[in-house]
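Top to bottom, those sequences are chains L and C. When you number the first sequence by our numbering, it's gap-free, plus one each residue, and the end is 301. When you number the second sequence by our numbering, it's gap-free, plus one each residue, and the end is 617.
Treat the hints as calculated values from the structure; they're not laboratory data. Where hints are given, some of them may not hold.
[Stated by the list, open to error] Quick partial rundown of chain L residues pointing at chain C, CB under 10 Å, derived from the structure:
#: 1; residue: GLY119
#: 2; residue: VAL140
#: 3; residue: LYS149
#: 4; residue: GLY158
#: 5; residue: MET161
#: 6; residue: LEU162
#: 7; residue: ARG188
#: 8; residue: HIS192
#: 9; residue: SER194
#: 10; residue: ARG210
#: 11; residue: VAL214
[Said to hold, decoys possible] The following residues of chain C were derived to be distant from chain L, with all beta-carbon distances above 10 Å:
#: 12; residue: TRP352
#: 13; residue: ARG410
#: 14; residue: PRO492
#: 15; residue: ALA501
#: 16; residue: PHE568
#: 17; residue: PRO575
#: 18; residue: ILE603
Just so you know, these numbers come straight off a predicted model, no measurement behind them. Virtual Cβ for every residue (Gly too), placed ideally from N, Cα, C.
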Amino acid sequence: MPRLARLHPAAPPVGPSAPAASAASGIGRPSPPVARPEPGAASAPPRGADETPALATDDLRLSYGAHVALKGVTLAAPPRTVTAIIGPSGCGKSSLLRSFNRMNDLVPGARSTGRVRIGDLDVLDPRTDVVELRRRVGMVFQRPNPFPKTVFENVAFGLRMLGLKSATELEWRVEDSLSRAALWNEVRDRLHESALRLSGGQQQRLCIARCLAVEPDVILMDEPASALDPSATARVEELIIELKARYTLLVVTHNMQQAARISDRTAFMLEGELVELDDTRRLFTSPRHRLTEDYITGRFG
Amino acid sequence: MSATLASGAASAPIERAARSHVADRGFTVLTGVCALLIVAMVAVLLGDVVWFGAPSVTWEFLSTAPRLGMTAGGIFPALFGTAALVVLMVVALVPFGVAAAVYLNEYARPDAAFTKAVRFSVNNLAGVPSIVYGLFGLGFFVQFVGRSLDRGLGLDVTWGQPALIWAALTLALLNLPVVIVTTEEALRAVPGEMREASLALGATRWQTVRHVLLPQAMPGVLTGAILSIARGAGEVAPILFTGAAYFLPYLPHSPADQFMELGYHVFVLATQSPDVEATRPLLYGTVLVLLLLTFSLNLAAILLRARLRARLSGRS
Chain L
1 MPRLARLHPA
11 APPVGPSAPA
21 ASAASGIGRP
31 SPPVARPEPG
41 AASAPPRGAD
51 ETPALATDDL
61 RLSYGAHVAL
71 KGVTLAAPPR
81 TVTAIIGPSG
91 CGKSSLLRSF
101 NRMNDLVPGA
111 RSTGRVRIGD
121 LDVLDPRTDV
131 VELRRRVGMV
141 FQRPNPFPKT
151 VFENVAFGLR
161 MLGLKSATEL
171 EWRVEDSLSR
181 AALWNEVRDR
191 LHESALRLSG
201 GQQQRLCIAR
211 CLAVEPDVIL
221 MDEPASALDP
231 SATARVEELI
241 IELKARYTLL
251 VVTHNMQQAA
261 RISDRTAFML
271 EGELVELDDT
281 RRLFTSPRHR
291 LTEDYITGRF
301 G
Chain C
302 MSATLASGAA
312 SAPIERAARS
322 HVADRGFTVL
332 TGVCALLIVA
342 MVAVLLGDVV
352 WFGAPSVTWE
362 FLSTAPRLGM
372 TAGGIFPALF
382 GTAALVVLMV
392 VALVPFGVAA
402 AVYLNEYARP
412 DAAFTKAVRF
422 SVNNLAGVPS
432 IVYGLFGLGF
442 FVQFVGRSLD
452 RGLGLDVTWG
462 QPALIWAALT
472 LALLNLPVVI
482 VTTEEALRAV
492 PGEMREASLA
502 LGATRWQTVR
512 HVLLPQAMPG
522 VLTGAILSIA
532 RGAGEVAPIL
542 FTGAAYFLPY
552 LPHSPADQFM
562 ELGYHVFVLA
572 TQSPDVEATR
582 PLLYGTVLVL
592 LLLTFSLNLA
602 AILLRARLRA
612 RLSGRS
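Start from the sequences and build out the full structure, keeping to the hints where you can.
Here's what the structure looks like:
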């Protein structure tokens, strides 16, 4: 990638180094095993725990006006892993996801406190360049939402917005992104057709390609397969596992089988709190919290 | 109530049911006649105009100036003036109206006092009688802006008199609410997920507006623009004091010139002619041209919108 430098402008201004207190509490470092017994305490990440997490929150609180959506969430995801977030509707999983690229800013009255990190970027710092942040944090939504433009223009969109003009570079980057989203073979002859003519599953993979094109560091997915049929879902799940080789993924789902199939680690949320975060297999086979057990065995939710 | 029901219960229901059938049929006929009357009125109006106007509308009528005290000749200066007026109006109106709508819908906080003030103003602008716009245009554009320009540039009266540009700006003001409202509606109709998708890809707010929202709102913007053209082409009151001329033997060659306009020409032909009989065919012809112009503009708006919508939904 000869011109990657151009697509990766220097990291946006990062706030002054974290205040001593929160540095001591160890953002991103494995929290001491169940230091706090109440829900909200994340357990020690078993995989990649020695690495700096690709994304992390520390005591993240979020409210929309009087409604409190997140009540102090602390979690961390090691690089090149898939973390699934499960929990009943309204438990704050989407709000948590949207904290990483500050999409909550768009909601009037939304207020966050605490700390959110993408690598070493302080997300909530007012000096953080939100536009560059969102370039670094890809997002895939619940319903496929391609622009009413051609397949090619959908994938090229983010690159054009970054100021990329060279036709040849656009072409190979579009092809590369579509290949990585496992869509190239299906659309290579339809690049200049409207993206809205693709099937739902293809549209969702197009949205993934669109977000890969701007070379994000992490990818957030908000129930990416909930609007798709079973075979399209399977393809998106395969893709998620492939993408793990290069990206850190955070996937909200309310389908527990899906979480079990795709993720390395699973976080269970309830009423704005992170109840348990653990290795996926362990969380599903021997949850440590009663609430988690009740949820995964279908006693509520 | 319950007492009456109890006492008259035996026979009342049947009788009432019979009466309501009669009333029902009556109302069906009545509403049908009202609907028919509307069609009839439009038919009479159009029939009359087409029947008496069509013979006058010849190439010569469209391409020459009025002659012999407007009892002969054509309407070319009025056609040209109307076109120039409308073009200038659109150039001023659309960017301004779209910008205001984008601000209101994409940038402004909906509950802020300023936003409310702007919305209040837009709604009230829409309710102002057009003659008041004419007076405002005279007072503000002609006498204030125009004269200030003349003074500032050290000119004789050049801009400080009724002129094409001031009439166009007055009309633009009149149509501003139309463009703002239709553009805002179109922007609101763009799904929120389009904004999110664009912003999440690292597009700035302006890039999102420019490359995602406005293209999708384009059918609405065009509808507003063409509706305002159709209306602008027919409005007389706002241009009466700000630029329209009774009769001009030449075409305007600068925005500071006065001009003839179709709607005003109709008024002049109808009320100021020295020879009513000689003028009548010309009057019918002019009205027919004016109607055709506005109808075809409206039709163009509908077709254009349909095409854009089809393209946006991926059907072509």
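We went through each hint and held it up to the structure:
With a least beta-carbon distance of about 16 Å to chain C, the hint placing GLY119/L at the interface is violated under the 10 Å criterion. At its closest, the beta carbon of VAL140/L sits 9 Å from a beta carbon of chain C; the interface hint therefore holds under the 10 Å criterion. Checking LYS149/L against chain C: minimum C-beta separation of about 8 Å stays under 10 Å; hint holds. Because the closest C-beta pair between GLY158/L and chain C is about 4 Å apart, less than 10 Å, the hint holds.
Taken as an interface hint, MET161/L checks out: its beta carbon lies about 4 Å from the nearest beta carbon of chain C, inside 10 Å. A hinted interface residue such as LEU162/L counts as satisfied when its beta carbon comes closer than 10 Å to some beta carbon of chain C; here the least separation is about 7 Å, so the hint holds. Here the hint on ARG188/L is broken, as its CB sits about 19 Å from the closest CB of chain C, past 10 Å. Given the 10 Å rule on beta carbons, the hint for HIS192/L is violated: about 12 Å separates it from the nearest Cβ of chain C.
Because the closest C-beta pair between SER194/L and chain C is about 3 Å apart, less than 10 Å, the hint holds. The interface hint given for ARG210/L is met, as the beta carbon of that residue sits about 7 Å from the closest beta carbon of chain C, less than 10 Å. Taken as an interface hint, VAL214/L checks out: its beta carbon lies about 6 Å from the nearest beta carbon of chain C, inside 10 Å. Remark: the non-interface label on TRP352/C is consistent with the geometry, its nearest Cβ contact in chain L lying 46 Å away (cut-off 10 Å).
Against the 10 Å criterion, ARG410/C falls within the reach of chain L, whose nearest CB is about 7 Å from its own CB. A beta-carbon of chain L is positioned within 10 Å of the beta-carbon of PRO492/C; the least distance is around 7 Å. Separation of ALA501/C from chain L is inadequate, the least Cβ-Cβ distance of about 4 Å not exceeding the 10 Å criterion. The claim that PHE568/C is not at the interface with chain L holds, since no C-beta of that chain comes within 10 Å of its own (minimum 46 Å).
The beta carbon of PRO575/C is kept farther than 10 Å from every beta carbon of chain L, the shortest such distance being approximately 59 Å. Annotated as non-interface, ILE603/C keeps its C-beta farther than 10 Å from every C-beta of chain L; the closest such distance is 20 Å.
When the structure is compared with the earlier hints, violations turn up for hints 1, 7, 8, 13, 14 and 15 and for no others.
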